[in-house]
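*Asks:* Quick mapping for you: the protein sequence lines, in order, are chains A and B.
Note that the first sequence ends on residue 256 in UniProt numbering; no numbers are left out.
Note that the second sequence ends on residue 256 in UniProt numbering; no numbers are left out.
Possibly wrong hints are sitting among the right ones.
Identical copies go unnamed one by one, so any copy, or any two together, can satisfy a pair.
In silico DSSO-like cross-links for lysine-lysine, where the CA-CA straight-line distance does not exceed 30 Å [stated by the list, open to error]: (1) Lys212 - Lys105; (2) Lys105 - Lys218; (3) Lys232 - Lys205; (4) Lys232 - Lys105; (5) Lys232 - Lys212; (6) Lys232 - Lys218.
Simulated from the structure, these hints should not be mistaken for lab results.
Because the structure is a prediction, the values reported are computed rather than measured.
Protein chains: 2
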Amino acid sequence: MTDYVIPRAWVITLGNEVLLGEVENTNAGWLARRLTSIGIAVRRIVTSPDDEESIEVLREAVERADVVVSTGGLGPTYDDRTMYLLSRALGLPLETNPRALDMVKRRAAERGFQLTPARLKMAEMPVGAEALENHVGTAPGAVLRHGSAIIIVLPGVPAEMMQMFDEAAEVYLRGMGRGPPCRREATFEGIVEADLAGALLELSKDSSVYVKTQPRGKPGMPAVRILVISFKGNCDEAFRRLEEAARSAGGRLLGE
Amino acid sequence: MTDYVIPRAWVITLGNEVLLGEVENTNAGWLARRLTSIGIAVRRIVTSPDDEESIEVLREAVERADVVVSTGGLGPTYDDRTMYLLSRALGLPLETNPRALDMVKRRAAERGFQLTPARLKMAEMPVGAEALENHVGTAPGAVLRHGSAIIIVLPGVPAEMMQMFDEAAEVYLRGMGRGPPCRREATFEGIVEADLAGALLELSKDSSVYVKTQPRGKPGMPAVRILVISFKGNCDEAFRRLEEAARSAGGRLLGE
Numbered sequence: 001m002t003d004y005v006i007p008r009a010w011v012i013t014l015g016n017e018v019l020l021g022e023v024e025n026t027n028a029g030w031l032a033r034r035l036t037s038i039g040i041a042v043r044r045i046v047t048s049p050d051d052e053e054s055i056e057v058l059r060e061a062v063e064r065a066d067v068v069v070s071t072g073g074l075g076p077t078y079d080d081r082t083m084y085l086l087s088r089a090l091g092l093p094l095e096t097n098p099r100a101l102d103m104v105k106r107r108a109a110e111r112g113f114q115l116t117p118a119r120l121k122m123a124e125m126p127v128g129a130e131a132l133e134n135h136v137g138t139a140p141g142a143v144l145r146h147g148s149a150i151i152i153v154l155p156g157v158p159a160e161m162m163q164m165f166d167e168a169a170e171v172y173l174r175g176m177g178r179g180p181p182c183r184r185e186a187t188f189e190g191i192v193e194a195d196l197a198g199a200l201l202e203l204s205k206d207s208s209v210y211v212k213t214q215p216r217g218k219p220g221m222p223a224v225r226i227l228v229i230s231f232k233g234n235c236d237e238a239f240r241r242l243e244e245a246a247r248s249a250g251g252r253l254l255g256e
Numbered sequence: 001m002t003d004y005v006i007p008r009a010w011v012i013t014l015g016n017e018v019l020l021g022e023v024e025n026t027n028a029g030w031l032a033r034r035l036t037s038i039g040i041a042v043r044r045i046v047t048s049p050d051d052e053e054s055i056e057v058l059r060e061a062v063e064r065a066d067v068v069v070s071t072g073g074l075g076p077t078y079d080d081r082t083m084y085l086l087s088r089a090l091g092l093p094l095e096t097n098p099r100a101l102d103m104v105k106r107r108a109a110e111r112g113f114q115l116t117p118a119r120l121k122m123a124e125m126p127v128g129a130e131a132l133e134n135h136v137g138t139a140p141g142a143v144l145r146h147g148s149a150i151i152i153v154l155p156g157v158p159a160e161m162m163q164m165f166d167e168a169a170e171v172y173l174r175g176m177g178r179g180p181p182c183r184r185e186a187t188f189e190g191i192v193e194a195d196l197a198g199a200l201l202e203l204s205k206d207s208s209v210y211v212k213t214q215p216r217g218k219p220g221m222p223a224v225r226i227l228v229i230s231f232k233g234n235c236d237e238a239f240r241r242l243e244e245a246a247r248s249a250g251g252r253l254l255g256e
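Chain A extracted, bound-state conformation:
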């Protein structure tokens, strides 16, 4: 099991409105939880603007991550430029994607919209993209494979993004991660964080285990919350070491 390499994800949220503080970025946190739950480690989350500066962000993401998930910038207006920025990042021309065009036409017909150039733009994707259906809104998403990376391009509207991610993950990320990481959490009374310093330092050498301690004391009764998370499944051993350190310092597991 030690040779299992955990897939690495970067989440890129594109949009000036987040940078201007006009909109709270709830997409990134949701995607972090979702990716973690299927066993993919999120290594970076970037919010960058709807302009050329994001080309380098997307390019670096594709070079460095196994899974890149972008949100935002797929709509009909001029600042919806994600497909263009991605085509520049990948060095691939934009083309009208036939399946995306069908989706845009169908949605326009259902809702009685005209097929303006702005709406047709929503079907333009880098060559080789597979269109993803938007069941909530109108702008299609896309999946691209580039080198060893898979890129999932989602809309920015949370309800659209969530539905599309879950549907795409089922098809394109299945079997990539090994399911949710193991996770153990406990609080020990009667100790302070410093009592665990030795054990923590030892555990810090294993980068596949994430350990977080937090003081949870009240006056007269210190306490420490311990959280252990590992994608490689070795939570129990890490937890046992911390428990030993806690008990030998006089700690008592809360709830015992």
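Let chain A serve as the given structure and place chain B on it in line with the hints.
*Replies:* Just chain B now, with coordinates in the frame of chain A:
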């Protein structure tokens, strides 16, 4: 006025807990609003882990931004490594900062904590840093100047981060921005986004103006919300052009 260069900020939030989806990153949004309100344009927000990978993130931020604000990783535990990562990013050795040491000692005395090595670590900062007092918690923050960039290093606990940012901004960012950007917002009934496409395309050539349109229609009555934000103060002209386009397409300002 046209030669005024808007200061650019990068916000870097360090912490595995956000990447694992354990904690919602509310710090980044708060800082984006705060920086915007003093006239500093946030160009990138990055969340990256408590490990060596963040060295390059911090280095790039310092090279590219006028203001870098980091949050997280200042506490006593082994995964609180921001000062180390920053020292690596800047190529500056860590030293015990005398003012930070005073702060740590004072806080330990007040709260009856022992001065363990883990606590003393909180006073280690890159050479040349100015320590920032933490009035809410125990870990000091820091301000560094590097090349033309100013770096503000804040704790991750929101209440500590907010207090420290506001105090530091008052001293170190005063006069850097020109106050809040102008902002105009209105909704026009009887038009769709496509009616504004020409005017929007025209406005998109001026990168100092951010214009966002959003459909706000109900069945039988389409409507478009227009938001104009500009750090350079030219909102009114942009808004007038959109208003003209909206009216000539039959739009009516909501509330008229």
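*Asks:* Next step is simple, just say for each hint if it's right about the structure.
*Replies:* The hints, checked one at a time:
Only between protomers do Lys212 and Lys105 lie at most 30 Å apart by alpha-carbon distance; the minimum there is 24 Å, versus 50 Å within a single protomer. Only between protomers do Lys105 and Lys218 lie at most 30 Å apart by alpha-carbon distance; the minimum there is 21 Å, versus 62 Å within a single protomer. For the homomeric pair Lys232 and Lys205, the shortest alpha-carbon distance inside one copy (14 Å) is at most 30 Å, but the shortest distance between copies (50 Å) is not. Neither within a single protomer nor between protomers do Lys232 and Lys105 lie at most 30 Å apart by alpha-carbon distance, with minima of 46 Å and 40 Å respectively.
In this assembly of identical chains, Lys232 and Lys212 lie within 30 Å of each other by CA distance solely inside one copy; the values are 17 Å within and 44 Å between copies. Taking identical chains as interchangeable, the C-alpha atoms of Lys232 and Lys218 are never at most 30 Å apart, the minima being 34 Å within one chain and 50 Å between chains.
Hint compliance for this structure: hints 4 and 6 are not met, and every other hint is.
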